[in-house]
Amino acid sequence: MVQQDLDLRLYVAGTGAKSLRAIQIITRLCETELAGRYRLEIVDVYRHPARAVEDQVVAIPTLIKRAPGAIKRLVGDLSHEARVRSGLGLAA
Amino acid sequence: MGVTEKNHFARIAELETRLAEAEETLDAIRQGGVDAVVINGPTGEQVYALEGPDHPYRVLVEEMHQGTVTLDPDGLILYCNRQFAAMVKTPAEEVIGSRIQRFLTQDDESAFSALIATAASGHSQGELSLLTGNDELVPVLLSLNRLEMSGIEHLCAVITDLTEARRNEAIVKEEQLSRLILEQTAEPVIVIDARGKILRAGEAARRLAGSSVVFQDFSNAFPIFDQEGPVTVSRLLSVVRSQRGVRSIEVSMHSSQGHAYALLLSASPLWSPGRELLGCVLTLTDITERKHAEEELAHQAEQLAQSNSDLRQFAYSASHDLQEPLRHLAIYTELLQQRYEGKLDPEADQFIQRTIDAAHRMERLLKDLLSYTHATDAPQGAAASVDANTVLAKVLATFEQRIAKEHAVINSNTLPVLCVHEVHLSQLFQNLISNSFKYHGNAPLKMHIWADQAQDGTWQLSVEDNGIGIDGRYHQQVFGLFKRLHGSSRYTGNGIGLAICQKIVQRYGGKVWVESTSGEGSIFRFTLPGEESNHAKA
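As you go down the protein sequences, you meet chains A and B in turn.
Following this note's numbering, the numbering of the first sequence begins with 1 at its first residue and continues without gaps.
Following this note's numbering, the numbering of the second sequence begins with 1 at its first residue and continues without gaps.
Any given hint might turn out to be false.
[What the hints assert, rightly or not] Distance condition first, Cα-Cα at most 35 Å in a straight line; then the derived DSBU-like pairs of lysine-lysine:
id: 1; chain 1: A; residue 1: 72; chain 2: B; residue 2: 89
id: 2; chain 1: B; residue 1: 367; chain 2: B; residue 2: 446
id: 3; chain 1: B; residue 1: 343; chain 2: B; residue 2: 438
id: 4; chain 1: B; residue 1: 446; chain 2: A; residue 2: 18
id: 5; chain 1: B; residue 1: 503; chain 2: B; residue 2: 394
id: 6; chain 1: A; residue 1: 65; chain 2: B; residue 2: 446
These are computed hints drawn from the structure, not numbers from a lab.
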């Protein structure tokens with residue numbers, strides 16, 4: 001069975017420390033473990049506030065796993081790797 | 001209903017209330033109903049303003065004209081402002097999360113690594129090129145600052161687009177060069193746009209107009225006229241457009257100071273890359289002085305021609321009118337001689353004889369003078385083609401007796417057809433051959449006559465003899481009027497033959513000269529127009 005690509009959307013806020021950290025961690029994780037098998041969209045809520053409302057994002061950073069499977073949200077500091085991995089369904 | 005069950009319901013109700021509160025709070029935040037949130041952190045409560053004091057800075061960074069990028073030490077772009085996205089012609093969403101190396105050329109990657117290394121100790125700055133999403137290169141100044149935020153190391157880059165600055169530098173350099181050229185040229189140079197407004201003008205142009213002319217209308221600053229009337233900008237531009245320029249058209253101008261100028265107008269079109277006429281570059285060369293000099297020269301030439309004609313008239317009348325009383329003088333002195341010779345004392349006889357000789361000599365002089373003045377008068381009609389061989393044969397026929405008597409030998413090569421009056425050519429041969437007979441020394445006369453054609457079609461005729469020759473000192477003098485190198489006792493003549501030759505040759509635009517050494521014969525050479533030449537002035 002062909003594994004569906006991981007579709008991620010990361011909401012960040014400008015140059016906020018946790019936002020920058022989130023970009024760094026998620027990008028690196030995807031690049032090293034999912035090379036070519038993911039789609040990552042980074043949305044700055046300062047530039048696109050309407051999209052945050054659409055996705056019912058309240059706190060930044062928020063990572064939304066849109067596919068595969070059920071939609072899953074991870075809110076707040078993403079620097080705990082184990083938490084992120086389990087949230088994305090990746091092997092620990 | 002048991003206690004436990006009761007407790008469960010109470011618990012559910014309580015949870016529902018708390019859930020409702022939480023949802024209400026979230027809704028309030030979501031809908032912008034709060035200014036700040038209070039967070040219970042490890043160091044106690046912290047207040048996070050939602051529309052806080054960092055808002056103006058964020059707007060500033062977003063709107064500033066320089067690009068800003070936040071990078072991690074590997075070059076991963078964590079943030080970029082709107083200007084940077086515009087600079088690299090890539091949406092910000094695509095920029096963020098990608099690596100800065102994507103926007104660098106291979107050549108610049110090592111330079112960039114060096115900048116990062118230097119920035120580790122605080123700050124670094126360098127010039128490099130950014131590769132845009134359209135594969136264009138944008139020259140930039142990049143300055144890097146190391147920043148530590150919440151224990152994580154970042155690099156903040158501020159990027160200044162140098163395209164405009166570079167272009168301005170180039171423009172400034174070009175501008176300086178063209179300004180220098182404009183100021184250095186002695187000619188008035190003017191640059192106008194397609195509406196006739198003066199964009200540039202050199203110092204010479206300012207002097208010509210009498211005031212500063214930049215940004216004025218060309219027609220007002222330089223009211224020039226040609227034969228058709230005022231030279232308007234629209235007329236000028238349409239000629240420049242259709243004929244790709246104008247070269248040295250004579251125009252006149254009355255300056256605001258009231259000076260009249262004669263000018264030579266030249267103009268070249270200025271095209272845009274899309275072949276649209278942007279204007280033209282004009283030069284107005286001041287030829288007023290030259291025109292004056294030309295007019296003055298023409299005036300003098302006219303005066304000279306008039307006075308020459310007066311002189312000729314005078315010489316003609318003098319020689320002609322003097323002949324009559326002179327003849328009377330000669331006739332009556334001869335009568336005196338016939339009747340009274342031997343009846344007076346011997347000295348009186350001698351005086352009478354001398355008077356008669358003098359009268360005859362004067363008669364000959366007047367005749368020569370007459371023929372000299374005739375040499376400059378045009379015979380009837382224009383010069384026609386004449387075969388020099390025929391003319392020479394006719395002239396030689398008149399010398400027949402003398403040739404036989406003195407055992408002279410006169411040879412000639414085939415001569416050309418010349419464009420002169422026959423009488424003039426005949427006079428030239430007559431005078432030169434006659435001279436050779438006169439000055440031939442002791443040996444019998446030998447002459448040779450030939451012709452060579454020059455590149456411009458004119459002919460050079462040479463008349464060589466084996467006579468006494470002429471010393472180099474006198475080569476110019478011999479062509480003067482009444483110039484004789486020898487006393488009349490030995491060689492007869494009045495010294496007018498060569499003067500007539502010169503006069504004839506000159507009226508056809510030719511030259512006459514002599515090549516000779518005393519005692520070794522002479523070659524007289526003269527140039528005359530050939531058959532197909534239009535050098536004939538008659």
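### Task
Below or equal to 35 Å on CA atoms is what counts here, so check residue 446 (chain B) against residue 18 (chain A).
violated, 125 Å
**Report entry** Restraint status (C-alpha distance of residue 343 (chain B) to residue 438 (chain B) at most 35 Å)
**Finding:** violated, 39 Å
Pair hint outcome, residue 503 (chain B) versus residue 394 (chain B) [Cα-Cα no greater than 35 Å]: Answer holds: residue 503 (chain B) to residue 394 (chain B) is near 22 Å, not above 35 Å.
Against the 35 Å threshold, does the CA-CA distance of residue 65 (chain A) and residue 446 (chain B) hold or violate the hint? violated, 128 Å
Exercise for the section: Compare the distance between the alpha carbons of residue 367 (chain B) and residue 446 (chain B) with 35 Å, and conclude whether the hinted pair is satisfied. Expected result: holds, 29 Å
Given pair status - residue 89 (chain B), residue 72 (chain A), alpha carbons within 35 Å
It holds: about 33 Å lies between the C-alpha atoms, which stays within 35 Å.
Figure legend: structure checked against the earlier numbered hints; hints not met, in rising order: 3, 4 and 6.
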